[in-house]
Structures are given as structure tokens and as C-alpha cells.
Amino acid sequence: MNVSQRSRLLPGGGMWITFSVAASLLLFATDGASGRGPFDRKPKDPNDAENRPTTFASGALARSNQPFWNIEGAPALADVRRTPPAAAKAKKGPAAGKVAEVPAEPPIDQPAVGDPLAVSKLELLQQEMVAGIRARGIDQDFLRFRSYLGSKLYGSNAPHTGSELTGNCRLSWYDHMLRNPLPAVAESEQFTRHLHEAVLAGSQGFAQVLATARRKLDLPDRPLVKTAEAKSPAEVLELVEQAIIAAKVAHAAALAPLSKSEVRELQASLYPVLTSQNNVGHTLGDRMTGRRMVDLLERMDRDAMFQGAEALAPLVNKGLLQQLAKIPDEGSVVVAGVTGRVLRKIDTPAGAIIVGGRGKNVYRFDEMGDVACVIDLGGDDEYYEGVANLEHPVRVILDLAGNDLYRGRRPGIQGSATLGVALLVDVEGDDVYDAQDLAQGSCVGGVGMLVDFAGNDRYNALRRAQGSALAGLGILLDFDGQDDYHAAMWAQGFGHPLGFGLLDDVKGKDHYYCGGLWRDSYPETPGYEGWGQGVGAGIRQVANGGIGVILDGEGDDVYEFDYISHGGGYWCGVGFARDFSGDDQYIGSTIKGYHGGGRGEPQFQRFGCGFGCHYALGFCFDDTGNDYYRGAIMSMGFGWDCSVGVLCDFGGNDKYDAPGHNSNQGQGAQASLGILFDYDGDDTYNSYGSGYANPGINYHTQPQCGGNFSFLVDYGGDDTYQCGAQNNSYIQRGSAGGFIIDRPKQQATAENDAEPKSETKKDPKAEQTVKASGS
Amino acid sequence: MAAHRNRVAWFLACGLLVGGASAADSKPSSATGGKSAAQASAKQNSADKDDEAQPQPSTKHLDEDQAKVSTEDLRVDGPVGKMGPAASAAKSVAPPAKSAASKKTFEKLPPIDQPAPKPTAPVTAPTKPAEAAAKVEPKKVAEEPPLPELSKEMAATRERLRWVLAGYAHQAFSTQEHTPADIINLCMAYGCQTDVQHGGQALNGITCLCWNYPCSGYELIEAVGGRLAARIGYGYQARPGQLLAVLALSRVPLTYPVRSGTKIGTVADLVDYEKLHCRIAGDQSLRLIGLAHFIPLAETWEDSLGQKWSLEKLVKVELDRPWAESPYGSTQRLLGLSMAMHQIARTTSAADNATFKRTGKYVEEFQDYALKTQNADGSWHSAYFAAVGPSRDYVGSFRATAHIMQWLAFSLPAKRLDNTNVVRGVEYLVKFLTDQSNRWQLPAQSPDVLEAVACGLSALSFYDQRVFAPYDKVEEEKKKAEEEKKSNLEKPAPQARAEATETR
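Protein chains in written order, with our numbering: chain W, 21 to 795; chain H, -14 to 489.
Take every hint as true, because none was put in to throw you off.
Quick list of the computed label-pair ranges, beta carbon to beta carbon:
{"id": "1", "chain 1": "W", "residue 1": "N177", "chain 2": "H", "residue 2": "D353", "range": "41 to 47 Å"}
{"id": "2", "chain 1": "H", "residue 1": "D305", "chain 2": "W", "residue 2": "V452", "range": "47 to 53 Å"}
{"id": "3", "chain 1": "H", "residue 1": "T247", "chain 2": "W", "residue 2": "V452", "range": "41 to 47 Å"}
{"id": "4", "chain 1": "W", "residue 1": "A345", "chain 2": "H", "residue 2": "T247", "range": "34 to 40 Å"}
{"id": "5", "chain 1": "W", "residue 1": "K527", "chain 2": "H", "residue 2": "E284", "range": "52 to 58 Å"}
{"id": "6", "chain 1": "W", "residue 1": "L220", "chain 2": "H", "residue 2": "A339", "range": "44 to 50 Å"}
{"id": "7", "chain 1": "H", "residue 1": "T247", "chain 2": "W", "residue 2": "G617", "range": "55 to 61 Å"}
{"id": "8", "chain 1": "H", "residue 1": "D288", "chain 2": "W", "residue 2": "D241", "range": "28 to 34 Å"}
{"id": "9", "chain 1": "W", "residue 1": "E255", "chain 2": "H", "residue 2": "A187", "range": "47 to 53 Å"}
{"id": "10", "chain 1": "H", "residue 1": "N338", "chain 2": "W", "residue 2": "G379", "range": "51 to 57 Å"}
Honestly, the hints are just simulated from the structure, not real lab data. Note that CB positions come from ideal geometry on N, CA and C, so glycine has one too.
Could you put together the complete structure from these sequences and hints?
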């Protein structure tokens, strides 16, 4: 996309910003040859306090010839933009070839999902922020901010540091993103879109999802598992057998680095210490043992565990499953723990495979012994328990039809695992999944995968459920139907240390609920713990966080959540939430209690919809539709304590509701960056804190930390602000790092394409308000 | 220091005995009064060994009660014979009474490139695997040229190598604490000389596996589709075919009994199972090691999908697979191919086969390549053949060296075994294992470490067996001659005695 195309996208003052940024890039390009950056002030006097580096890193940066928004290691803006395959191939040299070979990120010219212009819109956002920082003359402050983040990461990058902030279980992608907060927005958009595209791409796409997760968890790349082909049910059964054997081999290899006593220790303590003893989200009741557990899980061969998942991945193939459906209704075998007709039992050295008939079956896994795989051809079946753990390391359920009931109380059921590998595929029917902890595509030290292709399903669980992972991979994919997801904590696309949790619902009007059971751990504010819906969180005093992702395709969805939920990161983690279409409601603080009754706590929600808290990053994207966002404090693009929180809504008339509160909506606090970006539509911002940058910071020393950076950027539409800002205005909020940038639609204000010339004090908080000239 | 010298001296003295008590001299261990599988096997092969007196085999099949009695009898203490890679110095530190018995069987120690025992009739009772193997050892073929004298450096290496083997052999494994996976690894190092503790008594490791003793609650063998097979997964075989590969490397005969519950079979059943599960996709290296040892080159069979197989096809499948896909830097695949080469070398009709020629060339080229990628200190990079130079992954580098040396010590022609690089590799393993010996209490280690150390020990065992063991006999004879001479000198001559009397 060239400059003129970009400027067309920009309503209102697009021409000005595009021209100015293009000019600055050009300046940088020419100035770079002389070794000076575009923001260097020459000549520099080293004795001048202004030029003296506050930290080594910031000094180095200040002297570098790189732009302040993008330094070493970060992908340049042009790289983040997707390259058409033809162009990639046209490039010469090995690098171009490597780009083309990357398996997990298909080179797609136009987005297949979501807003097709999302990439360009984010490009504009970045340019807008860069221009704003430059215009206010705070580019050195931003450099210091970035340097400070880098120095914090650098200084804490060891398993033991003597402070609460350590480097154990730290993911390099998280590290990279926090060091490069502005490009991270576009990178996150790309990541979430590609992930959803992979989910849509069928079985080969499923392998891509695994490959993406593998890469983000710092595991080595492996060739994608090819889609298996089978021409007869017998061949599919053979494939199933081979998959189970391969998964078992991988599982054994995964635990091989641990001694028997260590494995026993994990077996005994993993669930109680990391799950059942806890009812607060930010840490553990027994942190000492928790740290020990996490250290052991870190030593596990997670690469091998992923190979176990990859071995089972070919079974998530509709073609294979259709072949299985052709198994004739012949034979009858008696299997302990199963009622109803069982057609076949196939013994393998990795456990038995049983084929259930087309009528109703009841499977009681606790009585079924060494059964590794159940293939059920139809009927309204019932599945009870069915843990995947050290005793049953591989557990596969392939249910081809019927309205099924999955129920259990033990941890590690319904496509979940503790120190194991599990896969549950349900092809058809309105299914009910009912469990307590560690269920429905979740794991602790393993891999849990649940794929439901169709039907209106209900998922009900307590903790670590519905695409939640600690030291492993937890995936819940639901392709169709109006689904209901209900959990209390650590759920729905939640990534704890070394974990990649993903919940992706492709179609249907869905309802997500996370929270409403345990009172939150902040004594000063009321509410419940949530910790879900695209949250990557660390465990304080134990380990750095993982990656949590929640994605939703079509449909008007409702998200209810409590504290620390929806597209956020906590304690060195990174989380993503994205809804690709529909009129969605993001309701901060659940309406009812977990059990359906009234809430004992007042309606109050803290940290939601694109937040980062304590060295973390959170991203929330909504592509289309008229959406409603609600939260109390620290939400809707909020960063706290060296963090980044981003909320981007790419279209529609949206309402951002936090009436009476002043810490939200594009706000960075305690040396952080907060961004709320809304493109197009008539929007309402109910909050006093929109785009406000507090000049005071008490967690970190100033000026070393660089300050706070807050952006509320709204393009187009007639917008209203509770904070007093005007539609189509350019306002400083609080310190120089606080921005409300509201630009009008292009056709309405063609004459407004000019740089703001003056700033005037206007709003009650004495922020400096700058109206775009002529507006 | 003196104590250390004494230990070494005692070890060396015992080392000459190579392998502990022999099957021939030990009392009959089974309920059948010595009518063992080995005897049955030996009878089968008696046409080839007509100068060896073979006991009559029993054709009686055991019922369940008899089988129980047999398992009790299997709980023998002490070493049980000699075959497989570790039939050398490791157990030579066994009590002298036992070691003395092994003297007589030393000559029967099978070099690894000798033909594998032929399949024999079904067994009637379990017996000690070494005992069985000892019966099927073929006679030495021809007069060997005199050995060149062992240099001082090599003698020192031998001493250290055996000290390491002996040291690790004495670390106690038990069926209560350890899984079949651990015992399999241990058996890879010490073959039929492996001892594990079971209920306070020593039990042969191979017996423990084949007779399906519960190990830490895990039972390795199960009946799969009516056939005996080894389970796969954590605590069991780490990969398909691993048990069979270890049995092959330990030279356990086909007729050695295997059981699961009341079902009793032989190693041949495990072979049959692996034959049925050969597949073109996936790693078949361990299967190749096992099948190349146990089945004749000309044999063909069908897998469970109806595909036709032969050793040639299996070799071809392994050759065609990209080496990067194989675990442990492809060393197990190379070991499998080398095992096949041993089989090929014994079959004159295979000499002109294109696949086997290609295999031979491939293995040779890889041997040269391996020696080229070796570091100056004798180690290999932790990425095996994919990188050259020292690695920051200290244990990974050891693991790679152990695997590569295991394969080289097994496959290199005898004339290349004293190559400086190979000796350097042996020295590296010895040094590493010596340095770590105090810290690495094997019974408490993870399967990863155990597997690496077992491979290292297996490499040393192969090397010891092929390079140093032949000298033991020579030195023993020398020693005997010296002792005789000494005793003759000490005895006064009759004439001198008479003179002395006269003087008085």
C-alpha cells in the first residue's frame, strides 16, 4: 500500500499525518547514513544534562540512528505489513526463501477474516502516535521509557534475582514485544488474525496452530505434520493406532529429563499446589512448592510434549472422521466400564482402542482400564471422567455424532491433561461439557485439546478450563453453534507460565462468562476474581507469564468477566482477545454470580479489555460491529507498572462505558503505555480518564522511567466524551504523554488537513486542548 | 592411594576372568534341571557344532504352576554367563569364587561380529539368558595372528575403562524402585550381566524384563492381539522395538522365554510382533537392530497391513529416511544398519545386492564423517553430526559422544579401533564417567541421563570386548607361566639339597 492509499484511509487530517510521517521517515533514511537519528539534537554536549543518558541503554539508544519506536530486534513497520507471496518469491537470497518457508504464518495478501484494512489502520495509529510524540518533543522521554523497560527485562533475566521479578519461564516473544511496544500492536493484530485463519483452514490449519504455539513458547520449529489420508475405515484405525503410539513415545520423551522422584513429586503436588488450593488469581497459596513445580515443569521436554500433540493432530481431520463413520455395525465386544454396544476392541502396546456403536453408550473411564482411545460412531452418549495423567498419558475421544454429555469431577478430563496428552473431538450434536478443574482443552504440564465441530454446546467448569495452559498447550476450538462458556477463574484462553491457552469460537452467538465466584484479592475494591478470556499471566513470586488468546469469528457475542480479564497480560505475560465480527458486548463485572444467583459483591471490575499489569502486555481487538465495552477502572487500553495495554476497535458505533471512573480508556500509569484506538463510527467515551497521562509515578524513578504515555485515538464519527473533550479535537491530557486525538471524517473536513498550530487550555482538569486547525 | 591400588589390582585380576560365573559351571537354574532353552537351541544348532556335547532339550511345555517354580529359580545371585556387549570387565569385580568359574568359558565369549544364533525350538522353561547364549556360541573359526603388544597408554586406558564399567555396575537397581524403562537402559549397558535387586535377591536384568517382573508397578510385557509384545510409553519402552533391540545387542537367544500373566512365549514372539508392525513411515531403527540380529537375511514376511517385508526392504526404508528425522542424531539408525551389515557379511549371497552395497558404503562414509566431526577432546557436539566444535551443553555433548561411540565401537572394523580418534573418544567417555561417578548415582537419575550413561557404558563395553579382551587371555597365560617359573625357582634343586646336607 502506498502513501496515497494510506491517506485515503485516514479520515480528516489523514493527509497531514501521512505527509509528515512520510517526511520524517525519509529524513531518517537519509540521515541514517551519517549515523544520526532523526531525533538527535546536534551538536551534543556530553556535559549537558539534557543530553546525558539516564541509563546506559537509553544513552545508547539516544545515540543510535534508529527511530524511537523501533529498535534492534523489532520488526520494522514494513516487515510487519504482510508481503504478497509473489513479492516474497521475487526477493533474492536465502532470507527471502526462509520467509516463504515459515510454516505457521501463511503469506496472505488480503486478510481472510476480520477487517480487511486492519493492518493499514494500525499503521496509521502508529504513525499518529509517532507524530504526536514527536510534535510534543517527548521522543527522548519515550526512548527512556523503552530503555527502562529493556533495562528492567535485562536486569531481571535470571532465575533468581533477589527480587520478586525474576526471569524464570520468561518467553522471548513477550520480551521482544515489551521492548518494542509500538510495533507490538501491529504484530499482535497479525498474530491473532493468522491464528484464526489457521483455525479456519481445517486439519492442516490445526497443525499450523500447533506450530505457532510452539514458536511462541520458544520451542524449536518442526516440519508441519502432513494431513493424513485414508481410503478406508481400516486405514483410519491404523492411523489412530500409530498416532497413539507416537503420542505415547513423545510423552515418555517429555518426562525423560525428570527423575522418578521428581515425576512423583509433580504427580502428587501439581494439582493441589497449582490449582485446588487457590482461589486468588495472582499467586499461589504455597509459593515455595509452586516455584518448585514450575521449575520441574520447565525442565520437562516440552518440545517432545508438543510432538505428542502433533502426533494426534491428524485426527482432527473431517475427512478421516468421515471415513471412521463408515465402520460397519458389526461385532460386539464386552469392555469393562462401557454400557451399550461396543463394536471392536483393538489392543495396542500403547493402550486399547475401542469402537462404540451407533446407539447410546455410557463410558465410565475409571472402570475401563488401559483404554487410550474411544471412537464412538453415534448416539447420545455419556462420558464420565476420563483423566489424562501419568497413569493414562494419552487419552483420545472421537465422537462422531449425537448430543453427548461429558461429565466428571477429576482434574484432567474432557480433552485435558496433567502430565499427559489428550484430544477430544466431537463432530456433531448439542453437547454438554461439565467439569470442575482442569477440563475442556486445558493442561498443566502437557497438552489438552478439545475440538467441537458443530452444535450448540455448553461448557461448564471451575478453574483452568476452556483453553487454559500451564507449561504446555491448551486448546478449545468450537466451530459452530451458539455456545455458552462458563468458568470461574483461569479460563477461556488463559496462559500461565510456559503455557499457551487458546479458545477460538468460529461461528455463532456465544456467551462467555468468567468469574463470579471468588472475591478478588484487592482489599480496596469490591468484585470477583476472573482471570480469563485471553489473558497471559505470571504467578507472582513464582514465575513469568504465558500466552493467552481468545478469538471469536462470527456472531454477536456477549463476554462477561470479572477482574483481570479479557485481552490482558499480568506479571510478565501477554494476552490477546479478538472478535472478528458482530455487535459484541464486553461486560466488565459479571451480571450474576457464578452459580446463577445474585452477586454478593457490588458491580465493579478492574483490569479488562486490553490491559497490561506489572511488566505485561494485553491486546484487545474488535473488527466490526457496534460494540459495548464496560469496566470500572484500569480497563479499555490500560497499562500499569511498565506495561502495555491496547484496545483497538476497527469499526462501528461503539460505547466505552466506565462512568464516573478516571483510570481507563487509553491510559498508561506507573511508567506504562495505554492505547485506545477506535476507527470510524459515532462513539461514546464515558470516563474521566480518557487518554490521561498522570505526571506522577511512584513505582519507578523519574525521569529514568520516561513517564506515562496515554493515547485515545479516534478517527471519524461524532464522538462524545465524558471527560470534556470535544469531537474532532487534539488534546493534551495530563502530562505531555497524554493524548486525545479525535479526527473528523475526510469528506466533512477536507480543509482540515493541516498541522495543529496552537494549543489552548480548555477542559476542567486544565489539560491543554488542541483543536485541529479549522475544525 | 594404596586402597585404590589394591582395588585396581583386584579388578585387573578379576578382569582376566571376564564376566563371572559361566553357565556351564553354574548349577542348573531352572526347574527343569538344566534342560534349558539354551540347550534346546544348542541341539538345534548341533549340526554346526558337532564337536560340542549338547544336552538333550526338553520338549515338555510348562503349565502355570511349573512356570511359577521356574520364576523362583530365576532369582539367582551373581553373574550368569557371558554374552552381549558387557560380558567383559563390568562384572569381573564379582566375588572371586564366581569369577573363577568363568575362566573356563572365557574362550566362548562371542565377538559381536560372529553370527547370531539360529532360531530354535520353543523353550520349555525360562533360564538365565547368558546360560542360553553360552550354549549357542559357535566355535572359533581359525587361528588368529598373534596380537601386537598393548602399549602402556592403551593398557592404562583399559585399566581406567574397566574401573568405570565396574564402578557403575555396582550401583543398585531394584524392581521396587525402577521401571522397566530403567532396566532396559541398564541392560543396554551390561547386557546379560545386568543385575537388579528383587525382594532382596539379585535377579538377572534380562530375566526381569522377559519374565515380566513388576518393576515399580509397571509390567512390560502384555498380550496384544494374542501375541506377546512390550508396552510403549513412560516407564516402558521409550520407542517401539527398544526391548528387542536391547535383547539383540545382549545376544539373548530367540528361544529365551517371555511371558505375560499365564501366557508364555519366547523372544521369537516379540520378533514376530515387531515384524507385523514394520511400517514405511516413522522411525524403524530399533526394529532394524532387533530384526537384523534375530532373523535371517533371506526371510520375508507380511506386516499386519499385508505389506511384504524383508530385511532388505527394512534397510532400504531406513536408508531412505532423512537422517534429521531420526532421534539421537541418527545414531540408532546407523547402529541398525551396522547390525544389518554384520548379517550381510555372513551371507555370501548378499554380497552383490545393490541395497546392501549401498548400506555398506553409507555406513563407511558416515564412519569417516563422524571421525571428521569429532572435537579435539574426543567429544562430539550436542547436535551430533549437525554441528562441529565444543558445545555449551555439557551433558548433551556427552550424550552425543556416547551414542556415536556406541555405534563406532560396534561397527568399525577391528583394524580401525585403535585409531587415535576412536581412542580419544573412549578416553573422553572414561574421563567423563569417572568425573561424574560420584555425583551420578544412576539409580536416582532421570531416564535421559540414565540412557546417555548406559549408551556410554555400552560403548566402553563394546570397545573393551573388541580391543582389550583378546589380550586378557594372553596376559593370563603369561602370568601363569611366570608363576610357574617363580615356583620352580623357589623350589631348591635336588643336587643342591644334597650338598647342603653334606656340609652339615
